[in-house]
Amino acid sequence: MRKTLPFAIVTGVGFFMLVQYFVPREEFEIIYEWSLDWIIVIGCFAMLLGLWSLTMASIHKVQRKTPGWGYSVIALIGLIFMLIVGLYPGQASLVKGSIFMLFFEYIYIPIQATMFSLLAFYIASAAYRAFRARTILATILLVSALIIMLRLVPLGPLSSVNQWLANFILTVPNMAAKRAFWIGVGLGATATALKIMLGIERTYMGRD
Amino acid sequence: MRKITISLLTIFLLTLFVNISFSQEEPLPPSEVKASDTPNDNGHSITVTWKLSPDDGAGKKNVVAYEILRSDNPEGEFEIRGVAPAGESRFDDKGAKEKTDKNYLPGHKNFYYKVRAKADKTFAESEVSNPAFAYGQWYHTGKTTVLIGVILFSAFALYFINLARKGKKLFVRPLAGIEAVDEAIGRATEMGKPILYIIGLGSADMIATIASFTILSRVAKKTAEYQTPILIPCYDSVVMAVAQETVRAAYLEAGRPDSYKEENIFFVTSMQFAYVAGVNGIMLRERPATNFYLGKFYAESLILAETGSVAGSIQISGTDEIAQIPFFIAATDYTLIGEELYAASAYLGKEPVLLGTLKAQDWGKALVIISLILGALAASFNFQFFLNLFRVQL
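Quick mapping for you: the protein sequence lines, in order, are chains A and B. Numbering-wise, the first sequence is residues 3 to 210 according to the working numbering. Numbering-wise, the second sequence is residues 1295 to 1688 according to the working numbering.
I should point out that these hints are in silico values taken from the structure, not numbers from a laboratory. This structure is a prediction, so every number in the text was calculated from the model and none was measured. Treat the hints with care, as some may be off.
One side only, chain B facing chain A, incomplete, derived with CB under 7 Å [as the list claims (entries may be wrong)]:
1) Asn1336
2) Gly1430
3) Gln1431
4) Trp1432
5) Asp1499
Cβ atoms here follow ideal geometry from the backbone N, Cα and C, with glycine treated the same way.
Pulled out of the complex, with its shape left as it was, chain A reads as follows (with noise of 0.2 Å):
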């Protein structure tokens, strides 16, 4: 019964949503916008499940003293503050100017933009991997890389010349991998939405 029950359920809406999708009618639109909703509200309820997780989590890092629960006292800390500022009555922690957007705005998006920024060094170093070249394949990427991204360079006589074969690299071959990747894509998520409608793949249900 554990499994009967949501693999029905999987199979009848995973059938239904197939068939909304050639029947254009405002019924089965509505019932389409509808499902859309529970995910946003089962979703919400979850988050409750991911809050207790986290706070439970940390509290067992810092009781246990384990490698740097440190940052656990500074995870749950933040956790509690920004609750407390974002619920404080009568004030509406959304609104421009309140101490919970101050919060998000001053400190929350700089740490975000910092550790975002440190995908400019991360790149660099996969790139000098990535480029070096060891066989015929790595020396053909060196090689494309060079001249799609010197298509940015003034080259004097050359830039022509570049500017052609960066188009054509991008065009042709490039735009070739790109749509047999999205072919490929295509077919295998069919087939996993079809293991899954037919209850061939049913592991992701857990226990029986």
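Take the given structure of chain A and dock chain B to it, following the hints.
Chain B in isolation, oriented as in the chain A frame:
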């Protein structure tokens, strides 16, 4: 000389006068205004077509736009529903389906249309159109190609699943990333270090995330057999709940329910870079022997994979996000590219029924390749009928 100047000035003034008088003159109205239900819609739209005014692009050339007017009574007051530019002879009067919306267009109710050709300051109205009402269709004819594709692919899948059930051995090509899974788990067991499994930033309704759950189940079963801890930091709380159930079931199947630790599958945050910071911290503190990145990834993919590389972990990645594939290829040891992510669970499970869908995928690809070759030939020889078979209207 004087005469020539006066003549030129006269011609100029005359031309100016004619232009001004034409632009202020009423254009001829559009004709043959017809209204009909918009096909392949939800039943709240009416399509209006008309024959262009003779002064649109010709004659006085003074038509600048067409205004489309609607009324529920041919004798009643008409209201403007939209504007079409000069040269356009079709307008879809799309209404809202909610009754409370100001733009609501009820279905199964007759409406009449008029089209007004607008000049600079004047206009001319057409005759009233035939009555027309909107209604929803039961089938979207523009999606027939997709339907045929789905039926064909499903037929392939069912055929091969049936073959597999009858015991026929199906050959599938080996994938390096999948072959490395056993080795990666074995390495973690030998080193006595945990395995880090990252499902990505996708929500539980995304197909890549679902594919990741199916792989997680196989990986967790092996970690249960080898008694190797598996850590799963989650970005989404629904994903966390599903992952917990999946791993619990895998441990039960492996006969090690006592080894299952729910606290190893935990929620971190739903903020992208805060999540990255949390996971990077785990990588550098716990130094997992193996990192799996399987699911939906965005800009964080390279930061995670490079940190894992610095931590000295074996890394296996897979996503259907094309922009992240190069990063994973550069920074991880093995990468499952696109469809391989979906195929991985069938490879790991080695169940014949699951392999049946892989064979169907191969046949689907063969069909696509044949269609591409035929399509290229048809386009080269301008064989429109064949090309039109593949047009999809969304």
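| message | Run through the hints listed earlier and report the numbers of any the structure violates, in increasing order. | response | none
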